[in-house]
Each structure stands twice: as structure tokens, then as C-alpha cells.
Amino acid sequence: MKRQTAMQGPVYVMVPESPPEPAEGCDVCDALVRQRREAQARGDRSAVSDCNVELAAHTKQRKPRRRE
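Each residue of the sequence shown is one higher than the one before, starting from 1 at the first, in my numbering.
Worth flagging that the hints you see were computed from the coordinates, not collected in a lab. Here the structure is a predicted model, which is why all the values come from computation and not from measurement. Using N, Cα and C, we set each Cβ at its ideal position, and we do this for glycine too. Hints are not guaranteed to be accurate.
To be verified - Distance windows between CB atoms, simulated:
| no. | residue 1 | residue 2 | range |
| --- | --- | --- | --- |
| 1 | Gln40 | Val13 | 17 to 23 Å |
| 2 | Glu38 | Tyr12 | 28 to 34 Å |
| 3 | Arg3 | Asp30 | 51 to 57 Å |
| 4 | Gln61 | Arg3 | 48 to 54 Å |
Take the sequences, apply the hints, and build the full model.
Listed below in C-alpha cells is the structure:
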């Protein structure tokens, strides 16, 4: 029986998506962007990812304000 010493076949890694963009004039988005920037500065990729998930979810559920 031949011993396997490596994975079979190539491993494909997807190109990461661009980080979500904040909604203009939104205090929550601004806070999440600030937290993301701080996490990037300290090298905390997990926190960066968490901020991206929250920001994406927030911008999807946020309803645009009507300007009068």
C-alpha cells in the first residue's frame, strides 16, 4: 500500500471580495469603518472580517432617508 504524503489535486482559494462600502452620513457605518480601520492597524483579521460582515448586513437593511 502506497503511503499518501500530500493532498491530492490542487486547492483553489477564491479572491477576497472588496470590503463593503459605508452608507454616506450613517453614524453606525462610520463607527464600523473606524473599528475596521483600528482592527487592520493591530493586525486583527478576525475583527476586520466581523466589521465587514456587520457593515454589509447593516447597509442591506438600512432604508435610505428621504430628503425634504
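For each hint, the structure was consulted:
Hint check: glutamine 40 to valine 13, Cβ distance near 20 Å, so the stated range 17 to 23 Å holds. With their beta carbons about 32 Å apart, glutamate 38 and tyrosine 12 fall inside the hinted range of 28 to 34 Å. A C-beta distance of roughly 56 Å is found between arginine 3 and aspartate 30, which places it inside the suggested range of 51 to 57 Å. For glutamine 61 and arginine 3, the hinted distance range of 48 to 54 Å is satisfied, since their beta carbons lie about 52 Å from each other.
Violated hints: none; the structure is consistent with every hint.
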